[in-house]
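**Student:** Take a look at the letters that make up each chain.
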Amino acid sequence: MNLLNDAAGKEYVSLGEDTLYVLDKAKQYSEISKGAFDVTIGPLVKSWGVFTDNPKVPSKTEIDDLLNLVNYKDINIDFENSKAMLAKQGQIVDLGGIAKGFAADEAVEIYKKHGVKSAMISLGGNILTLGAKPDGRPWNVGIRNPRGKDSSYIGIVSVKDKAVVSSGDYERFFKKDGVRYHHILDPKTGYPANTGLIGTTIISDYSIDADALSTTVFVLGLEEGMKLIESLEGVEAVFITEDKEIYVTDGLKDTFVFRDESKEFEYVEKR
Amino acid sequence: MLKKDDLIIFGFVIILIAASFIGVSLYKSSGANTNKIAVIIKDNEEIKRIDIDAVSEPMEIAVSGDYSNIILVEKGRIRFKDAGCPDRVCVNTGWLTEKGDMAVCLPNRTMIKIEGQSDNVDIVTY
Numbered sequence: 073m074n075l076l077n078d079a080a081g082k083e084y085v086s087l088g089e090d091t092l093y094v095l096d097k098a099k100q101y102s103e104i105s106k107g108a109f110d111v112t113i114g115p116l117v118k119s120w121g122v123f124t125d126n127p128k129v130p131s132k133t134e135i136d137d138l139l140n141l142v143n144y145k146d147i148n149i150d151f152e153n154s155k156a157m158l159a160k161q162g163q164i165v166d167l168g169g170i171a172k173g174f175a176a177d178e179a180v181e182i183y184k185k186h187g188v189k190s191a192m193i194s195l196g197g198n199i200l201t202l203g204a205k206p207d208g209r210p211w212n213v214g215i216r217n218p219r220g221k222d223s224s225y226i227g228i229v230s231v232k233d234k235a236v237v238s239s240g241d242y243e244r245f246f247k248k249d250g251v252r253y254h255h256i257l258d259p260k261t262g263y264p265a266n267t268g269l270i271g272t273t274i275i276s277d278y279s280i281d282a283d284a285l286s287t288t289v290f291v292l293g294l295e296e297g298m299k300l301i302e303s304l305e306g307v308e309a310v311f312i313t314e315d316k317e318i319y320v321t322d323g324l325k326d327t328f329v330f331r332d333e334s335k336e337f338e339y340v341e342k343r
Numbered sequence: 070m071l072k073k074d075d076l077i078i079f080g081f082v083i084i085l086i087a088a089s090f091i092g093v094s095l096y097k098s099s100g101a102n103t104n105k106i107a108v109i110i111k112d113n114e115e116i117k118r119i120d121i122d123a124v125s126e127p128m129e130i131a132v133s134g135d136y137s138n139i140i141l142v143e144k145g146r147i148r149f150k151d152a153g154c155p156d157r158v159c160v161n162t163g164w165l166t167e168k169g170d171m172a173v174c175l176p177n178r179t180m181i182k183i184e185g186q187s188d189n190v191d192i193v194t195y
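Protein chains in written order, with the numbering used here: chain A, 73 to 343; chain B, 70 to 195.
These are calculated hints, taken from the structure and not from any lab test. Among the hints, erroneous ones may be present.
[Said to hold, decoys possible] Simulated coverage check for chain A against chain B, where a stretch passes if three residues somewhere in it have a Cβ under 8 Å from a Cβ of chain B:
1. 106-118
2. 308-319
3. 329-341
[Said to hold, decoys possible] No more than 25 Å apart at the CA atoms, straight line, and that leaves these computed lysine-lysine pairs for DSS-like:
4. A/K247 - A/K260
5. B/K168 - A/K325
6. A/K132 - A/K260
7. B/K111 - A/K335
8. A/K232 - B/K182
9. B/K117 - A/K325
10. B/K117 - A/K335
11. B/K168 - A/K189
[What the hints assert, rightly or not] Which chain B residues face chain A? A few, computed with CB under 10 Å, are given here:
12. V108
13. D112
14. N113
15. E114
16. E115
17. I119
18. V160
19. G169
20. L175
21. R178
22. N189
23. V190
24. I192
25. V193
Positions of the beta carbon are idealized from the N, C-alpha and C atoms, including for glycine.
Using the sequences plus the hints, can you model the full thing?
**Tutor:** Next comes the structure, spelled out in structure tokens:
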């Protein structure tokens, strides 16, 4: 990936099969979300220093400049020769919103190859289940209370053979001059996404899809995000708003168990 | 010929194996000792939680809604005793006695299940 970023605006670079797959998936989700998810967000991630020890708020001009470099359409993939290139110099692909999901899928493939029938993987909160629990019951996955302690949750989904991935403003954030800045940047504005959501969870067959979509709907907001997920087959979602309301997609209504020990959240079943 | 380092590694592995056996047996016995907790869920929301092992006298719980349910609790077991729904699948499910047992009345959106005390979730996504 560094090779690709270093050669941005200059030349095509050869990439491995896995990297090309992830890059292509990332591009697909950028298209589906009309840019609400965009892996070319790299220059802004770097500027904010989101994943460093010294994050900062970039100046408005810097953000506006860097926004010119954010465009998934500039990812050119040449499948025939296993090569890819970024159109403009300075463009950076950041696969942070999708790579963990891919890794979990790969791990499960290894389990399957060795005949494992029941397993659960958690890669930093990205859950992927293989089969049911050894006793045949589904896995009960708690959905983190975005304003509570690490182990607290606001509800439970029961799953078999599914990925459950969450995004939220609580995962990584810093405070500057009394303002809280979280790590999920909106590719349209260059600032942390501010659409009224504090947490999103996606349930789908593959972790890579759940990973990309949880970030996508977080940036899209409740209404647009709900519309997107309902349009996709086999994908369900839980949305938590800053008003502490919880919404779920239709397919989850029968199985989602609302259980909020903090008693601060409200489950809104009808919308 | 075994070297000293090899012995240290052997020792470490044996301790590790012993520790995991002890851990597993502790975990199993702790699960067996916890009481059975029956949970009644109506419209996806928990409305009652009962330690059915601690119930001495039989009791009935009425759940209203589009159709009515009567739930009967006795020591160590729970069931739908009666229901106003057309299919009565919930009543026909019979007694729930073990952790993980579940009975559902879809028409009235009521569910009973038995869970262990700390058995709510297997993991939390974040």
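**Student:** Hints first: check each against the structure and report whether it holds.
**Tutor:** Going through the hints against the structure:
Requiring three or more residues with a Cβ within less than 8 Å of a Cβ of chain B, the coverage given for the segment 106-118 of chain A is violated, as only 0 such residues are present. Counting residues of the segment 308-319 of chain A whose CB falls under 8 Å from any CB of chain B gives 0; the rule of at least 3 is not met. Counting residues of the segment 329-341 of chain A whose C-beta sits closer than 8 Å to any C-beta of chain B gives 5, which meets the bar of three, so the coverage hint holds. Using a Cα cut-off of 25 Å, the hinted pair A/K247 and A/K260 holds, with the two alpha carbons roughly 22 Å apart.
Between B/K168 and A/K325, the direct Cα distance comes to roughly 24 Å. Compliance with the 25 Å bound is thereby established for this hinted pair. Under the criterion of a C-alpha separation no larger than 25 Å, the hint pairing A/K132 with A/K260 is consistent with the structure, at around 13 Å. Restraint check for B/K111 and A/K335: satisfied, since their Cα atoms lie roughly 17 Å apart, inside the 25 Å limit. A distance of roughly 18 Å separates the Cα atoms of A/K232 and B/K182; the hinted pair therefore holds under the 25 Å criterion.
This hinted pair checks out: B/K117 and A/K325 have alpha carbons roughly 20 Å apart, not beyond 25 Å. Between B/K117 and A/K335 the alpha-carbon distance is near 15 Å, which keeps this suggested pair within the 25 Å criterion. About 22 Å separates the Cα atoms of B/K168 and A/K189, which keeps this hinted pair within 25 Å; it holds. Using the Cβ-Cβ criterion of 10 Å, the hint placing B/V108 at the interface with chain A is satisfied: the shortest such distance is roughly 9 Å.
At its closest, the beta carbon of B/D112 sits 7 Å from a beta carbon of chain A; the interface hint therefore holds under the 10 Å criterion. At a threshold of 10 Å, the smallest CB-CB gap from B/N113 to chain A is about 5 Å, leaving the interface hint in force. Given the 10 Å rule on beta carbons, the hint for B/E114 holds: about 5 Å separates it from the nearest Cβ of chain A. The interface hint given for B/E115 holds, since its Cβ lies 6 Å from the closest Cβ of chain A, which is under the 10 Å cut-off.
Proximity of B/I119 to chain A is violated relative to the hint, the smallest CB-CB distance being about 16 Å (cut-off 10 Å). With 10 Å as the threshold, the beta carbon of B/V160 stays out of range of chain A, its nearest partner Cβ sitting at about 20 Å, so the hint is violated. For B/G169, the interface hint holds, the least distance from its beta-carbon to any beta-carbon of chain A being 5 Å, beneath 10 Å. Checking B/L175 against chain A by beta carbon gives a least distance of about 8 Å; that is within 10 Å, so the hint holds.
At its closest, the beta carbon of B/R178 sits 8 Å from a beta carbon of chain A; the interface hint therefore holds under the 10 Å criterion. Contact between B/N189 and chain A, as hinted, is supported at the beta carbon level, the nearest pair being about 7 Å apart and thus within 10 Å. A distance limit of 10 Å between C-beta atoms decides the matter here; for B/V190 the minimum to chain A is near 4 Å, and the interface restraint holds. The restraint placing B/I192 at the interface with chain A holds, with a minimum CB-CB distance near 6 Å, inside the 10 Å limit.
Taking 10 Å as the C-beta contact cut-off toward chain A, the hint placing B/V193 at the interface holds, the least distance being around 4 Å.
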